[in-house]
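S.K.: Sequence:
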Amino acid sequence: MSNNETCGLGLAPATASDYRELARRRLPRHLFDYLDGAAYEEITAQENQQAFRRLRLRQRVMRDVSQLNLATRVLGQDLALPLVLAPLGLAGVMARRAEVQAARAAEAAGVPFCESTVSICSIEEVRAATAAPFWYQLYVMRDRGYARELMARAQAAACPVLVLTVDLAVMGARYRDIRNGMGGGLSLGGKMAKAWDLASHPRWLLDVAIRGKPLMFGNLTMAVPDAHSLPAFKAWVDNQFDPRITWADLDWVRENWPGKILLKGILDVDDARLAAAAGADGIVVSNHGGRQLDGVAASADALPHIVDAVGDKLEVLLDGGVRSGLDVVKALALGAKACMLGRAWGYAVAARGEMGVAHVLATMKSEIKVALSLTGTTDVRRLGRDALLAAQEL
Numbered sequence: 000m001s002n003n004e005t006c007g008l009g010l011a012p013a014t015a016s017d018y019r020e021l022a023r024r025r026l027p028r029h030l031f032d033y034l035d036g037a038a039y040e041e042i043t044a045q046e047n048q049q050a051f052r053r054l055r056l057r058q059r060v061m062r063d064v065s066q067l068n069l070a071t072r073v074l075g076q077d078l079a080l081p082l083v084l085a086p087l088g089l090a091g092v093m094a095r096r097a098e099v100q101a102a103r104a105a106e107a108a109g110v111p112f113c114e115s116t117v118s119i120c121s122i123e124e125v126r127a128a129t130a131a132p133f134w135y136q137l138y139v140m141r142d143r144g145y146a147r148e149l150m151a152r153a154q155a156a157a158c159p160v161l162v163l164t165v166d167l168a169v170m171g172a173r174y175r176d177i178r179n180g181m182g183g184g185l186s187l188g189g190k191m192a193k194a195w196d197l198a199s200h201p202r203w204l205l206d207v208a209i210r211g212k213p214l215m216f217g218n219l220t221m222a223v224p225d226a227h228s229l230p231a232f233k234a235w236v237d238n239q240f241d242p243r244i245t246w247a248d249l250d251w252v253r254e255n256w257p258g259k260i261l262l263k264g265i266l267d268v269d270d271a272r273l274a275a276a277a278g279a280d281g282i283v284v285s286n287h288g289g290r291q292l293d294g295v296a297a298s299a300d301a302l303p304h305i306v307d308a309v310g311d312k313l314e315v316l317l318d319g320g321v322r323s324g325l326d327v328v329k330a331l332a333l334g335a336k337a338c339m340l341g342r343a344w345g346y347a348v349a350a351r352g353e354m355g356v357a358h359v360l361a362t363m364k365s366e367i368k369v370a371l372s373l374t375g376t377t378d379v380r381r382l383g384r385d386a387l388l389a390a391q392e393l
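Numbered by numbering that gives the first Met the number 0, the letters in the sequence shown go through residues 0 to 393 in order.
Be aware that one or more of the hints could be misleading.
Below are the DSS-like pairs computed for lysine-lysine, each with C-alpha atoms no more than 27 Å apart in a straight line [to be verified]:
no., residue 1, residue 2
1, Lys212, Lys233
2, Lys233, Lys193
3, Lys212, Lys190
4, Lys233, Lys190
5, Lys259, Lys312
6, Lys212, Lys193
Rather than coming from a laboratory, the hints here were simulated on the basis of the structure.
Given only the sequences and the hints, what does the whole structure look like? Please build it.
M.R.: If you want it as structure tokens, here you go:
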């Protein structure tokens, strides 16, 4: 039986996958593919979700689960749920001022929002629209002076955590973007096809392309003052990824950032040990959603080995393939302190803005409650591998 035959009337979205379908309908093709796509043949992106599907929860009954705790503490911050909205570049072209909408939804749910360096909305715009502290994501750029300035702006906005993305020394090849001409060089026919695709999405055109201006990288306008379009900004950004980055650069970051430092993009046990030795406060086990090197391990498969190696030395989060509260419970059972959501909130904000993000977070909260109750666990902080069936039990 196909998915279409089992999804009911389709009158209202129930899952992140439902929001994915709504986003696919609402967005121009090249924007949906940018959000949804991954590197090369997209094997790792698929494996991120398959890894969760292979894990089985251990159902336990006849336990008092009348009182449940879903709150936790990550990097010194209290979270109502073990979730963080991950940095999502170009989110503001998916929905009008999407970063602000997502940050508001995160604040209402009691979880952190992480602002991307390549967000459409600037640090200051998000700060002005919210009261809760949000996290800030940074690449180690060739232009160290501007990177220092971005850190200063994040400090001025009272961001408590710097998420340093470390798996972007070079950019992975994303074939959907190439096929859609996002790198330029389109023929006349290609330009006409792209224009027709844009014209076929009038709601997006009115709400985002017209009412959502300025559509520029808000955090980079001072770095590229002469840029007046996203392609002009993209050329500068692509040139800023630094293949010379080493562990020594973390010392430079620490000199310029007094708060917590979270390294995002750790997938190997040896790298996790080096991160701990270098003084990171935490790491995110992540393969960048499969958007960098295809064919590497799924994040959930790498997670338990990394937790075993460094879980007592720093805080370990997970990113990649998280689409439900059941996935979150499985990740916490494997040792993660919390999960970062990327595409899940991207689909939701593209489909229904702040309301969509709030609904996805509320749905995940409900799913976490059910999973805790039926595994006989009353506190997300007490989840362990005994909440999962061992391989020999499957």
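S.K.: Compare the structure with each hint and give your call.
M.R.: For each hint, the structure was consulted:
1. Lys212 with Lys233: Since the Cα atoms of Lys212 and Lys233 sit roughly 17 Å apart, the hinted pair holds (cutoff 27 Å).
2. Lys233 with Lys193: It holds: about 19 Å lies between the C-alpha atoms, which stays within 27 Å.
3. Lys212 with Lys190: OK: Lys212 and Lys190 at ~22 Å, within 27 Å.
4. Lys233 with Lys190: With a Cα-Cα distance of about 19 Å, the restraint between Lys233 and Lys190 holds, given a limit of 27 Å.
5. Lys259 with Lys312: holds (14 Å)
6. Lys212 with Lys193: holds (20 Å)
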